[in-house]
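Based on the sequences and whatever the hints tell you, model everything.
With positions in the sequence shown counted from 1, the corresponding number in the working numbering is that position plus 1302.
Mixed in with the good hints there might be a few duds.
Unchecked claim - Calculated cross-link-like contacts (lysine-lysine; reagent style DSS-like; alpha-carbon spacing at most 25 Å):
hint	residue 1	residue 2
1	K1322	K1340
2	K1311	K1340
3	K1317	K1340
4	K1322	K1311
5	K1314	K1340
6	K1340	K1304
Rather than coming from a laboratory, the hints here were simulated on the basis of the structure. Quick caveat, the model's predicted, so the values are computed rather than measured.
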Amino acid sequence: MKTAMINIKIDKAVKEEAQKLAAELGFSLSALVTASLKQFVRTR
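As structure tokens, then:
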């Protein structure tokens, strides 16, 4: 799988909370964003 980098702007507090919750589940924030985008594409 080839990868691509994306840059997004998001509220700092949202990013920090999302990173914290992702880490508690054993995931990186990148993995969660990737999973979310894949689901978006599948269900569009």
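Cross-check of the supplied hints:
no.: 1; hint: K1322 x K1340; in the structure: 22 Å, holds
no.: 2; hint: K1311 x K1340; in the structure: 19 Å, holds
no.: 3; hint: K1317 x K1340; in the structure: 19 Å, holds
no.: 4; hint: K1322 x K1311; in the structure: 18 Å, holds
no.: 5; hint: K1314 x K1340; in the structure: 24 Å, holds
no.: 6; hint: K1340 x K1304; in the structure: 14 Å, holds
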